[in-house]
Amino acid sequence: MSGVLVCAETRSGDRSEPGRRAIDFELIAAGRALSEQGAGPLAVALIGAGAEAHAEQLDVDGVEQILVVPTALEHFEAHVTQAALQALIEQHCPAVVLAAHTVDSLSFAPALAARGGHGFASDVLAATWQEDGLHAERGAFAERLIAELDFPGKQTVVLLLRTGAFASPHDSGGRPDGQRASVTRVELDLDAAARSERVELREAPVGDVDIAKADFLLAIGRGVGSAEKLAQIERLAELMGATLAVSGPLVEAGWGARTRKVGQSGRTVAPRVYLALGISGAAQHLAGMSRSRTIVAVNSDPDARIFDVAHYGAVADLFEVADALERQLGNGD
Amino acid sequence: MKTLVPVKHVASLPAGVLPDERGTLDIDALQWAPNEWDAYALEAALALREGASDGDADDGALREPAGEVLVATVGDERAEQSLRAGLAIGADRALRVWDDAFVSDARVGLDPLAVARVLATLAERERPDLIVCGAQSSDAASAATGVALAGLLGLAHVAVVTQIERDGERLTVERELDGGASEIVRVALPALLTVQTGANRPRRANLRAIKLARTAPIALLSLGDVGLDAAALDASAGSHALRLRERERSSRATPIEGTPVEIAARITTIVEQALSR
Ligand SMILES: Cc1cc2nc3c(=O)[nH]c(=O)nc-3n(C[C@H](O)[C@H](O)[C@H](O)COP(=O)(O)OP(=O)(O)OC[C@H]3O[C@@H](n4cnc5c(N)ncnc54)[C@H](O)[C@@H]3O)c2cc1C
Ligand SMILES: Nc1ncnc2c1ncn2[C@@H]1O[C@H](COP(=O)(O)O)[C@@H](O)[C@H]1O
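From first to last, the protein sequence lines are chains S and V. FYI, the numbering for the first sequence is 0 to 332, going by numbering that gives the first Met the number 0. FYI, the numbering for the second sequence is 0 to 276, going by numbering that gives the first Met the number 0.
Heads up, a few of these hints could be off.
Said to hold, decoys possible - Derived coverage of chain V by chain S (criterion: at least 3 residues anywhere in the stretch with Cβ under 8 Å from a Cβ of chain S; other residues may be distant):
#, segment
1, 95-104
2, 165-178
3, 269-276
What the hints assert, rightly or not - Away from chain S, derived, C-beta distances all over 12 Å, residues of chain V:
#, residue
4, 17
5, 65
6, 67
7, 128
8, 195
9, 202
10, 207
11, 211
12, 226
13, 234
14, 251
To be verified - Restraint-style ranges between C-beta atoms, simulated for each label pair:
#, chain 1, residue 1, chain 2, residue 2, range
15, S, 154, V, 223, 37 to 47 Å
16, S, 227, V, 214, 31 to 41 Å
17, S, 129, V, 226, 42 to 52 Å
18, S, 224, V, 164, 39 to 49 Å
19, V, 219, S, 227, 41 to 51 Å
20, V, 214, S, 125, 17 to 27 Å
21, S, 90, V, 234, 22 to 32 Å
22, S, 221, V, 241, 28 to 38 Å
Everything labelled a hint here was simulated from the structure, so no lab data went into it. Using N, Cα and C, we set each Cβ at its ideal position, and we do this for glycine too.
Can you make the complete structure from the sequences, with help from the hints?
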């Protein structure tokens, strides 16, 4: 039981959003660190039809082997990736398997780990290899706390790493170390009986405005409380010259447009100014906006996670602040 | 059709409550509530039982329930509140598994794979056609228990579902993807789904139903009752929590203080400067 196996995100193969592969380099960087701490050699698994095309790109510092597993399907199918990764684990017995904490990995990795009796943790924020093996950290109790984990008695541990939590020196690839990974094509008899079947992919809807192009986003969260109050915030955005963006719950309540949602299942934005009102800062929201140039947050809860990524923070009632802003700007000064 | 809906009673930390020197929490100091995601999971199950795809049918007609909806939890006595909330909106039966063996784990948060192992024993006894979980719990945010349960049972599964339609022994569901896209997936029963918030509009209970649910029977099972013991539970856990600690605060944010008027003025200046840079 030795070695680190990174399971690259292959979904991006049939998705268009640029920069999605950044997570692969984060996984590799985390894997390389574990490898250097003594977890064993680092290999990368590429699972999917046409996965081979990405091998070159993922041949970066620290990677010793790239395992290419071709599948018959063009698109991602959870049970296929699960079967392929299970076979690779059986063949290679890695001590650690790293994948991304994304909706795709979440649809096979917990099943794989539970079935195989492997160690498992999701949404992992840190991982180290110590004398007694793997240690990891993840949020607990809505991330007010951090849980420190170990995995006694587990031959293989599957960790799903949070996007953006592991710094990556690579953004394009290349090998300053002058080495090359060996590329191995692994033919698997993947008769993973198709018990679920994708019938259609629906691309993200396109709206009247592209919030990713705005310089100044005024983002409003569940703290707004009602659709009526949202109208006031919409007026404020107009007064300030900002484009309105929303958190997930507002879309679900039918108050905000899906095309204005910021986060993991919405848009990724990095405006010059992101003014967040009444947004708690859940991981899935931060994933979409933490790279904004200047983040200003107003929240009545001093412990809100949004203050961790904000450059300026006001612990205050958003309506009191909104009223004051409206008065200042409305008076034309 | 028989549907099992596992629900979690989730904890939040009131201001000032922190782990003790051993890195564990005082369970009694926490605030408990039903998990937000599970309301959507349960609504999906109830709607399927009624053969309607939306919970808030406004024709007011009483539909004959076809099949059974079970709610189940791995939790202490407090978790009965989540089960009773489920009974009050129309679940037929409630099961709770608890045992002294869970008590120390609960002080750091239960492990999703261990919970899945316990739920699997319930599924083996009850043999549901469908299991509907929440996509995530608000306290642990593992987003793993449902799919782990599917893995243990060898069930077909779809994660992060936003829409469900049933056509005989087959479901057609929409699943949310990262970045705003989605996919339509067809899956044959028996199956497991994890449901995303916003998938439907959870119904509300009426006062009479709430009152009735207050005294409704809840089956209580120990680890032994479900054929497990402390060692089996330990072995099935995905990880072992060494301790909890406070999250390091990045002191990155410059505080904006003062009256709302002062805060507003400061925000205007910050925005103007940032935009002109
Ligand atoms: C697979 C998956 C994908 C997801 N994708 C996304 C996504 O893309 N985008 C997204 O946003 N979420 C997403 N979520 C949901 C996410 O987990 C959170 O539930 C959500 O981000 C919370 O939104 P919020 O901060 O607006 O609401 P809450 O968490 O309810 O926070 C409301 C905040 O408002 C504050 N508040 C209340 N009243 C006031 C007041 N008067 N003045 C000031 N502050 C006030 C409160 O203190 C609180 O911090 C996803 C979840 C899952 C499982
Ligand atoms: N202790 C529990 N008892 C019953 N169901 C649970 C429990 N923990 C998690 N679940 C189910 O698993 C879902 C996802 O939880 P999690 O994996 O903790 O994010 C929840 O929405 C529930 O449906």
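Hint check results:
no., hint, verdict
1, 95-104, "violated (count 0)"
2, 165-178, "holds (count 7)"
3, 269-276, "holds (count 5)"
4, 17, "violated, 8 Å"
5, 65, "holds, 24 Å"
6, 67, "holds, 24 Å"
7, 128, "holds, 14 Å"
8, 195, "violated, 8 Å"
9, 202, "holds, 16 Å"
10, 207, "holds, 28 Å"
11, 211, "holds, 29 Å"
12, 226, "holds, 17 Å"
13, 234, "violated, 7 Å"
14, 251, "violated, 7 Å"
15, S/154 with V/223: 37 to 47 Å, "violated, 29 Å"
16, S/227 with V/214: 31 to 41 Å, "holds, 39 Å"
17, S/129 with V/226: 42 to 52 Å, "violated, 36 Å"
18, S/224 with V/164: 39 to 49 Å, "violated, 33 Å"
19, V/219 with S/227: 41 to 51 Å, "holds, 45 Å"
20, V/214 with S/125: 17 to 27 Å, "violated, 47 Å"
21, S/90 with V/234: 22 to 32 Å, "holds, 24 Å"
22, S/221 with V/241: 28 to 38 Å, "holds, 34 Å"
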